[in-house]
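Chemist: Spelled out, the chains give:
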Amino acid sequence: MDFEDTAEEAAFRAEVRAWLEANAKPRRHREASDAMAVDEDRGSMAAAKAWQAKKAQRGFARVTWPKELGGLAGSAMQQVIYNQEEGKFDTASGAPFAIGLGMCIPTLMAYGSKDSIERHVKPALRGDEIWCQLFSEPAGGSDVAGLRMRAEKHGEEWIVNGQKIWTSGAHFSDYGLLLARTDAQAQKHKGLTMFYLSMKSPGVEVRPIRQASGAANFNEVFFTDVRIPDAQRLGPVGEGWKVALTTLMHERLAVGGGLGGGLDVKELLSLARALELEDGPAIKNAGVRERIADWYVRSAGLKYTTYRTMTALSRGQQPGPEASIAKIVVASKLQDLSAFAMELEGEAGALKGEDAPMHGAFQMGWMSAPGLRIAGGTDEILRNIIAERVLGLPPDIRVDKELPFNELPGAR
Amino acid sequence: MDFEDTAEEAAFRAEVRAWLEANAKPRRHREASDAMAVDEDRGSMAAAKAWQAKKAQRGFARVTWPKELGGLAGSAMQQVIYNQEEGKFDTASGAPFAIGLGMCIPTLMAYGSKDSIERHVKPALRGDEIWCQLFSEPAGGSDVAGLRMRAEKHGEEWIVNGQKIWTSGAHFSDYGLLLARTDAQAQKHKGLTMFYLSMKSPGVEVRPIRQASGAANFNEVFFTDVRIPDAQRLGPVGEGWKVALTTLMHERLAVGGGLGGGLDVKELLSLARALELEDGPAIKNAGVRERIADWYVRSAGLKYTTYRTMTALSRGQQPGPEASIAKIVVASKLQDLSAFAMELEGEAGALKGEDAPMHGAFQMGWMSAPGLRIAGGTDEILRNIIAERVLGLPPDIRVDKELPFNELPGAR
Amino acid sequence: MNFDFSDDQKMLRDQARRFLGERCPVKAVRGVLEGAHGHDAALWKAIAEMGWTGTAIPEAYGGLGLGHLELCVIAEELGRVLAPVPFASTVYLFAEAILAAGSEEQKQRLLPRIASGERIGTFARAERPGAVTPKSIRTGFKGGKLTGTKTPVADGMDARHAVILARAGEDGGERGLALAVVDLDGAGVKRRALDSIDPSRKHAEIVFDGAAAECLGTGGEAWSLTSLVLDRAAVLMAFEQVGGADRCLAMAKDYALARFAFGRQIGSFQAIKHKLADIYIGNELARSNAYYGAWALSTGARDLALAAAAARICATQAFDFAAKENMQTHGGVGFTWEYDCHLFYKRSRHLALALGPQRVWKDKLVNELELSNAA
Amino acid sequence: MNFDFSDDQKMLRDQARRFLGERCPVKAVRGVLEGAHGHDAALWKAIAEMGWTGTAIPEAYGGLGLGHLELCVIAEELGRVLAPVPFASTVYLFAEAILAAGSEEQKQRLLPRIASGERIGTFARAERPGAVTPKSIRTGFKGGKLTGTKTPVADGMDARHAVILARAGEDGGERGLALAVVDLDGAGVKRRALDSIDPSRKHAEIVFDGAAAECLGTGGEAWSLTSLVLDRAAVLMAFEQVGGADRCLAMAKDYALARFAFGRQIGSFQAIKHKLADIYIGNELARSNAYYGAWALSTGARDLALAAAAARICATQAFDFAAKENMQTHGGVGFTWEYDCHLFYKRSRHLALALGPQRVWKDKLVNELELSNAA
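Chains A, B, C and D supply the protein sequences, listed in that same order.
Those letters in the first sequence? Residues 637 to 1048, per the numbering used here, in order.
Those letters in the second sequence? Residues 637 to 1048, per the numbering used here, in order.
Those letters in the third sequence? Residues 60 to 434, per the numbering used here, in order.
Those letters in the fourth sequence? Residues 60 to 434, per the numbering used here, in order.
To be clear, the hints were calculated from the coordinates, so they are not data collected in a lab.
Treat the hints with care, since some could be wrong.
What the hints assert, rightly or not - Straight-line distance between alpha carbons at most 20 Å, and here's what the computed EDC-like set of lysine to aspartate or glutamate pairs gives:
1) Lys920/B with Glu912/A
2) Lys201/D with Asp268/D
3) Lys69/D with Asp638/A
4) Lys249/D with Glu264/D
5) Lys902/A with Asp972/A
6) Lys902/A with Asp362/D
7) Lys661/B with Glu722/B
8) Lys939/B with Asp63/C
9) Lys920/A with Asp422/D
10) Lys920/A with Glu427/D
11) Lys902/B with Glu429/C
12) Lys939/A with Glu427/D
13) Lys920/A with Glu429/D
14) Lys249/D with Asp991/B
15) Lys939/A with Asp362/D
16) Lys920/B with Asp422/D
17) Lys939/A with Asp337/D
18) Lys920/A with Glu914/B
19) Lys194/C with Glu912/A
20) Lys920/A with Glu912/B
21) Lys920/B with Asp915/A
22) Lys201/C with Glu280/C
23) Lys902/A with Glu429/D
24) Lys920/A with Asp915/B
25) Lys920/B with Glu914/A
26) Lys902/A with Asp422/D
27) Lys878/A with Glu1038/A
28) Lys194/C with Asp915/A
29) Lys920/B with Asp422/C
30) Lys194/D with Asp915/B
31) Lys69/C with Asp638/B
32) Lys939/B with Glu427/C
This is chain A alone, in the form it adopts within the complex (with noise of 0.2 Å):
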């Protein structure tokens, strides 16, 4: 056991690093107080998207894809391994581009025609395109495919008219991959298409949606007797819920960390030492410290499931279903440890933004949690997951698989 790279590991690593040091600053100490700026697009998206060229132009961009796509064919760990050490330079965010390369991308590699594989997946590799995820709606969230968007074919063409929700970046992405039901006589999972589109097209509305938080991180996108051309179809009519599982197993690949914008233990020890409480200071109330050694053994026990996992990378295996945990500990701890340490601030915990100690961080951190169990995912849909993917226990009984899906409760 030990935490040293193999010699192929370090040779990539000693690459990686020197091109970095070439062409990036290296990181500046972050403050707790930061915590949750690491979610925030970090400079301009002209930036980004230079440093995404920079970093396709070497094949950083997507490490494990084959050189003839502008990757470098290589394998997971090492795309781990360039995050890692990208990871400690000061650069512009990959997010922008993250669920295009992640997941759109690999859809249309597995299911799009040679020339729109050629016209597409560079430009989005460079950042010069950005792609969008139109899956879910109003009446299908954790139901995915529960979706009412109708796509009717008239000649060649597609007409698409609904509504689609929980849009990340729609506002700035040039291509859209979206699922629509092309036949409400059939049953649920079989009425459905999957497309592509220009965001461009005429009849496209993107409008943001605030959060409770005031924050506006995702979209709303009406679509009104918008165009596709069939040739824009990724699989056969009627199939797209079976191409959707290919893009959302891929959703499921990303290895764990950097959830809950690293507010954690370090933050709350920070805390914790700072202020006074009716028996002194609080890092030395006996309840006090226990809640930290609470919440430390689960953060370190998530930091070493992901050394796991990496292992298992680095020995050529697929990553365990260890990944799963992540969110739900991740999402109840930020909930449960921001509300505690607004309640070590006192009074003063119910301020935030500046007025707030430490600029507001906890009352950031809590006011975000009830987004990060639900956003990707519930808590409940997730335990399922893991009841099912990785117990084998049974599935939900199901009511909707049957009927048609126009005669489904709730879909009228």
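Chain A is fixed; fit chains B, C and D onto it per the hints.
Modeler: Using the frame of chain A, we list chains B, C and D on its own:
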């Protein structure tokens, strides 16, 4: 708002108290260490029967029953008052008669023939005859209606074969209320019929079940070609489930309290006063204090919830559903509080009985808690009941209602 | 056994619920949440006209002279609708402090204007993050002048009067403390609005630079007096929390019945059913503890401190849990600004932090248990 | 990144699992649980013949001279089958104490007989309920004689040797403490068997009345030495706990698949599915912390104390939760003596209390965090 009796209640309480003073000794103060003892039989069966007979003679054995059946035609509140007052005296336990008088006899009253009522009610009330309830089976625990015991009609008799389980008091019972399957081709809930029988009938064999705690409070009861006259059938053939619901409804009417053997915050306080931790007396440790407070507010909440229920009774209203929360709260609290107390005791917490602190009260509580979380409805079943009956949420999806019983998965 | 509100008190509750249903829709809350004003002036006026601000103030001082049980009933309804008014600061804290310790003259002068709703009051303890302890109080009160900074002060921008916990003597601990009543419109007072997690209930920083103030009660008792006022306010606020928690359960239940996923009402999934059952359990326990607190408050029972702490802790836990799991039950939309879940989530935390955090109340509760068992 | 056991170590694990599967069925555990003997002598002999008792003891002292990673692997398998043998007392505590502080002569004399399984050892700290602190130690060690009472002592009836934490000097605190090695068959030693919550792991009270004993290590370091030995044992015991928790999850899962209610496998109900998912999450976190502890133990890393505390706390929480919810998942039968659930429930508590309760380890963990962050 006050905790006073109404004039009528005060008068009744005085009556009860006078009678108790004339017939029983006041209860001596009970040590925390005996806390578990309240569950157990105070004195022998003979003493219990003698005390029951005395109560019955005066009408206090079942205050709410009609006078002609040996009651006082009193109110539920008067029953509560009697129980409160008796609790202050050192009397033999009424536990052996609770199931018979609380569940079996009310069912007999509702569905039995005039003769059977005349024959059985008063002997049961006097404690001359003890009844047990024979519903649960290995195949039907939470799902009582899943039971398999077969009853076949032969002329004017039914011949019964199968096994019951979790039968309290079967070993000292004279009669039993029996739910059996009389038609395996019918739907699950439609093939059941209710009977009563003498536990002395040939072919009835009672075996105690040894629990994880080592105690044996329950039995298995095996039936081999047991003959029951059709005259001892309660309700029509095939309507047994409807009859059983009457029985179970009576089970839920009981007002909470006394659960968990009375081991609670008071005992934890005494322990915390007695023990020294790293930083001084346990009672001064901030972590210990927080836990004590958390459990106290739950105990107090339940206590005052019972007061609210009694107020409803006192106003002649049906007790609200509040009562249904008691067991869920008490059982988990007992488990967690006991485990916590054992940790305060340090390595000595791993001992039991007289070798452990406070005569092993917390070890006993910790060992009995899992049973409390299961017996008379698991935590999970009780949450379903609250969600469905109190909050009006939909029932679980049922796959077992339409099929013939013998075609159900797991029933083969 | 008569452990419930009377029929008259229940009528008052129904009346309050109807009234607030009309006069305090969610958009009133959003109006204050998104606006610059510290409260909804029209609603405040209407509430005062109902006489609620003077519910427990004796008729001799312009109040209705009803008891605290009536005030509890009103508090629950105000909590249910998240009423964006300085009711707690003015009625539970300021008025209670004057009633508890004010001189006859002070009561004559101050209480009628509180009862009539003309004046808003508050109570200021905190001066910096962390615990408020006798030693932590730096604001000075010497020769009738206040000097120092109080922050955060609930409703500090809107209040005309405030009771200030300050240091009058040389003693650095409890015995050096005093309570002062100050006119916040007077000279030597500067206020600054602060950002709050629940902007429907705003806070201020108040800087005193030799502001004229008068003494409340006799010196040396300031800390125990503050503690008493907090106990009384905790019971009343517990009813606001119970009202809010109750509303969260109703919202979650309605959504669970109306929302379909996988072809079923989401309320038919055990994950949701059991979550809501747990909210119900927490709310019932909180309500029962609050009722006992109400009894202790209305009768001045010896165990008010114990009852208040239990009511406070249990109601805080219930509202916290109900508010966050209501959001979770709603899924994505629950996290939008458009849906109302976040208003309750924010208010639950606001109330959890007002009057001091759970830790302090738990410690107080165990102190009381030690005393009562010591007997 | 190589944060996993090696192929050889995994082979050892598989071998251990097969071996224990044959030699340590549940009825062996029940045999000790219901019997008078403190352990399964035949199993102990077989385990010793495999060389496990000497896994981490250098060959020079009759051991296999393997590392602690190999010992971790074996510990997990022993925990999985609830092996009713004094392995922890003898190997994690006694042998580790001798290795850490014994003189060359003591190692030569004692370790070979431990490695061979001929002798059983234990480590005695507690003297009364509550915390074990330097001040709490009353047992005296003067002029080579021990006087006082240790209770409870794990495997105290079966052990031949024991390391005793005792008071040698006048100093009433840490500096007055010493460690003594005593032959429990010697004169001046009385033992009494005690009732344990997990009778498959028994305890004793040991009374010393001038029993001859020898010093272990240099005086004054006894407390820090004890603390070091506990850290090392905590990592090893964490693997036993992870093994037990893993087994509980497997039992719960198998039952949830096999048991039908309401015409469905109970494993199809979300109440059960999510409960098992939570057990899985707890077990994964515990396993990962245990792995880091194993790395720190095997490399003597500077943050062993932090790693050991994290492994200990997380594994205790995981096994506690898995054991009690496995019982709950089984429903009524889970509470019967006949089913095996209670064996794991009892063992989980036994292990949670051995080596001191969570509170102590949490305090230690935060101490370490303070030190590391102080840098």
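Chemist: Now tell me if each hint is right for this structure.
Modeler: Taking the hints in turn, this is what the structure says about them:
1. Lys920/B with Glu912/A: Given pair lysine 920/B, glutamate 912/A holds - Cα atoms ~18 Å apart, limit 20 Å.
2. Lys201/D with Asp268/D: Answer holds: lysine 201/D to aspartate 268/D is near 12 Å, not above 20 Å.
3. Lys69/D with Asp638/A: holds (16 Å)
4. Lys249/D with Glu264/D: It holds: about 8 Å lies between the C-alpha atoms, which stays within 20 Å.
5. Lys902/A with Asp972/A: Cα-Cα ~15 Å, so holds.
6. Lys902/A with Asp362/D: holds (16 Å)
7. Lys661/B with Glu722/B: The given pair, whose Cα atoms are some 10 Å apart, holds under the 20 Å limit.
8. Lys939/B with Asp63/C: This hinted pair holds, its Cα atoms lying about 14 Å apart.
9. Lys920/A with Asp422/D: holds (10 Å)
10. Lys920/A with Glu427/D: holds (13 Å)
11. Lys902/B with Glu429/C: holds (10 Å)
12. Lys939/A with Glu427/D: With Cα atoms ~18 Å apart, lysine 939/A and glutamate 427/D stay inside 20 Å; holds.
13. Lys920/A with Glu429/D: Holds, at about 10 Å.
14. Lys249/D with Asp991/B: With Cα atoms ~16 Å apart, lysine 249/D and aspartate 991/B stay inside 20 Å; holds.
15. Lys939/A with Asp362/D: holds (16 Å)
16. Lys920/B with Asp422/D: holds (16 Å)
17. Lys939/A with Asp337/D: holds (18 Å)
18. Lys920/A with Glu914/B: holds (13 Å)
19. Lys194/C with Glu912/A: Answer holds: lysine 194/C to glutamate 912/A is near 11 Å, not above 20 Å.
20. Lys920/A with Glu912/B: holds (18 Å)
21. Lys920/B with Asp915/A: holds (11 Å)
22. Lys201/C with Glu280/C: holds (17 Å)
23. Lys902/A with Glu429/D: At roughly 10 Å apart (the allowed maximum being 20 Å), glutamate 429/D and lysine 902/A satisfy the hint.
24. Lys920/A with Asp915/B: Within the cut-off at roughly 11 Å; holds.
25. Lys920/B with Glu914/A: Holds, at roughly 13 Å.
26. Lys902/A with Asp422/D: holds (16 Å)
27. Lys878/A with Glu1038/A: Given pair lysine 878/A, glutamate 1038/A holds - Cα atoms ~17 Å apart, limit 20 Å.
28. Lys194/C with Asp915/A: holds (11 Å)
29. Lys920/B with Asp422/C: Holds. Lysine 920/B to aspartate 422/C sits at ~10 Å (cutoff 20 Å).
30. Lys194/D with Asp915/B: This hinted pair holds, its Cα atoms lying about 11 Å apart.
31. Lys69/C with Asp638/B: holds (16 Å)
32. Lys939/B with Glu427/C: Cα-Cα ~18 Å, so holds.
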